[in-house]
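My request is simple: use the sequences and hints to build the entire structure.
For reference, the chains in residue letters:
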Amino acid sequence: MNSLISLEKVNYQIADQHILHDVDWQIPAGAHITLTGPSGGGKSTLLRIIAAMISKTSGTLIFDGQPIESYDPIMYRRQVSYCFQQPTLFGETVADNLAFPYQIRKQVMDTQRVVTALNNVGLSERTLHQPIIELSGGERQRVALIRNILFLPKVLLLDEVTAGLDENNKQIVHAWLRQLNEQDHVTTIMITHDATEIAAADQLAKVVAGRLEVHA
Amino acid sequence: MNLAVNNTSLFLAAMLVLVALGISLWQKLGLDRDIVIGVVRAVVQLFIVGYLLKYIFRVNNLWLTLAMMGFIIFNAAWNAKKRGPGIDHALAISLLAIFVSTGVTLGVLVLSGAIKFVPSQMIPISGMIASNSMVAIGLAYRSLNSQFHDQRQGVLERLALGAGLLDASIAIVREAIRTGMSPTIDSAKTVGLVSLPGMMSGLIFAGVDPVRAIKYQIMVTFMLLSATSLGSIIACYLAYRNFYNEQKQLK
Chain A
1 MNSLISLEKV
11 NYQIADQHIL
21 HDVDWQIPAG
31 AHITLTGPSG
41 GGKSTLLRII
51 AAMISKTSGT
61 LIFDGQPIES
71 YDPIMYRRQV
81 SYCFQQPTLF
91 GETVADNLAF
101 PYQIRKQVMD
111 TQRVVTALNN
121 VGLSERTLHQ
131 PIIELSGGER
141 QRVALIRNIL
151 FLPKVLLLDE
161 VTAGLDENNK
171 QIVHAWLRQL
181 NEQDHVTTIM
191 ITHDATEIAA
201 ADQLAKVVAG
211 RLEVHA
Chain B
1 MNLAVNNTSL
11 FLAAMLVLVA
21 LGISLWQKLG
31 LDRDIVIGVV
41 RAVVQLFIVG
51 YLLKYIFRVN
61 NLWLTLAMMG
71 FIIFNAAWNA
81 KKRGPGIDHA
91 LAISLLAIFV
101 STGVTLGVLV
111 LSGAIKFVPS
121 QMIPISGMIA
131 SNSMVAIGLA
141 YRSLNSQFHD
151 QRQGVLERLA
161 LGAGLLDASI
171 AIVREAIRTG
181 MSPTIDSAKT
191 VGLVSLPGMM
201 SGLIFAGVDP
211 VRAIKYQIMV
221 TFMLLSATSL
231 GSIIACYLAY
241 RNFYNEQKQL
251 K
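These protein sequence lines are chains A and B, in that order.
The numbers in UniProt numbering rise by one with no breaks, and the one at position 187 of the first sequence is 187.
The numbers in UniProt numbering rise by one with no breaks, and the one at position 42 of the second sequence is 42.
Source of the hints: derived by calculation from the structure; they are not laboratory data.
A few of these clues could be false.
List time: in silico DSS-like cross-link candidates among lysine-lysine, alpha-carbon distance up to 25 Å [claimed, not checked]: (1) Lys154(A) to Lys248(B); (2) Lys206(A) to Lys170(A); (3) Lys206(A) to Lys154(A); (4) Lys154(A) to Lys170(A); (5) Lys54(B) to Lys9(A); (6) Lys54(B) to Lys116(B); (7) Lys106(A) to Lys248(B); (8) Lys116(B) to Lys248(B); (9) Lys82(B) to Lys116(B).
In this text, all values refer to a predicted model and were calculated from it rather than measured experimentally.
Given below as structure tokens:
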């Protein structure tokens, strides 16, 4: 199978601190991968490199047949979308946040699509005009996730996004992510420690002390 | 005219310095050295400027006037730069921002006939405009630095969503411009009620009818609004990119 993303001997260093060592990784298009490992091992760093939020120190990273350096970082990030563990929401209301992806593409917000997305993660249309300070942690996380997928990316990188959610919300988000992967063919890589999520993955990868181990 | 300051009266007024020195020594503020240095510098600098301006006004040479204005603008830029540590090219950015804000504002004043292109008007007005632009730019730099630090997570998230650098920074840039302009707007609101600013005070001192003097102050209010808004917007729009690297990542 062709790899959508392929990493070869990727290293990441800050001063003399070696955070990632010679990471080789093939990520097939449409895969649903979970990434685990002890905290401080380099999982988030690895995802941030793939998201072009930071740059690897050495090695090659090929996305869709071309080295990452050949893409404009802004356009690349619209295809390889990173979702933070503890996201902050912008502005005043939920609508300010969900309008942002349209704003940066100089488009008008597609309210129908936004409402559908809210419903898909168990939020109602009313949420749209709610001030962000009134949202619970779980609601914030779901609103943040919707920001990433209003324009479907090819790859969704999720950094422990379900960690702060209760069991019920976790299941809603999990089912929704499965749907994005299976129906919309979004390749997903999620950092998680959740046993159910790990069991549902096509590929299990583990980062320990900056080294990657992959189990198909 | 009732302008009565002479060397003797200045010498006697120097007693006022002793008040400050006395307080510093009495309260052990440790400021006595700084007070002495400050006073000596002020006296020396002002004497030099006094004689220099006298000379420049007398020769009334275009190039000399422009050189003096350039000197003022450069010094203003140098001082603005110091308030933006960590911002690359802060000197060049400040220089351009102060040059344009001063140039445009002066241009409008001269073309409208509010002031004449003579050294005794151009040089003091340039100084007023450039120094206000300098303060505005300095405040804007400080605001950019602190906001990019405090709102780092928000900027990262906008970038992760595929925002361009301006889209990721626009809220910060706007706030920094606002910060640069707000002292001028605040003082425009209280002018005449709280302070009688330098321009009209000076004219009133020199015996000018207060009704004429306030017209100059109104002109000053207008020109400072233009100078601080132009200075802040140019500086912020040129400086925000400095917070990102070539891969369009937040530094």
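Each hint tested on the structure:
1. Lys154(A) to Lys248(B): 20 Å, holds
2. Lys206(A) to Lys170(A): Holds: Lys206(A) and Lys170(A) sit about 22 Å apart, inside 25 Å.
3. Lys206(A) to Lys154(A): Distance of about 22 Å is within 25 Å: holds.
4. Lys154(A) to Lys170(A): 23 Å, holds
5. Lys54(B) to Lys9(A): 71 Å, violated
6. Lys54(B) to Lys116(B): Holds, at roughly 18 Å.
7. Lys106(A) to Lys248(B): Within the cut-off at roughly 20 Å; holds.
8. Lys116(B) to Lys248(B): At roughly 47 Å apart (the allowed maximum being 25 Å), Lys248(B) and Lys116(B) break the hint.
9. Lys82(B) to Lys116(B): 33 Å, violated
Checked against the numbered hints given earlier, this structure breaks hints 5, 8, 9; the rest are met.
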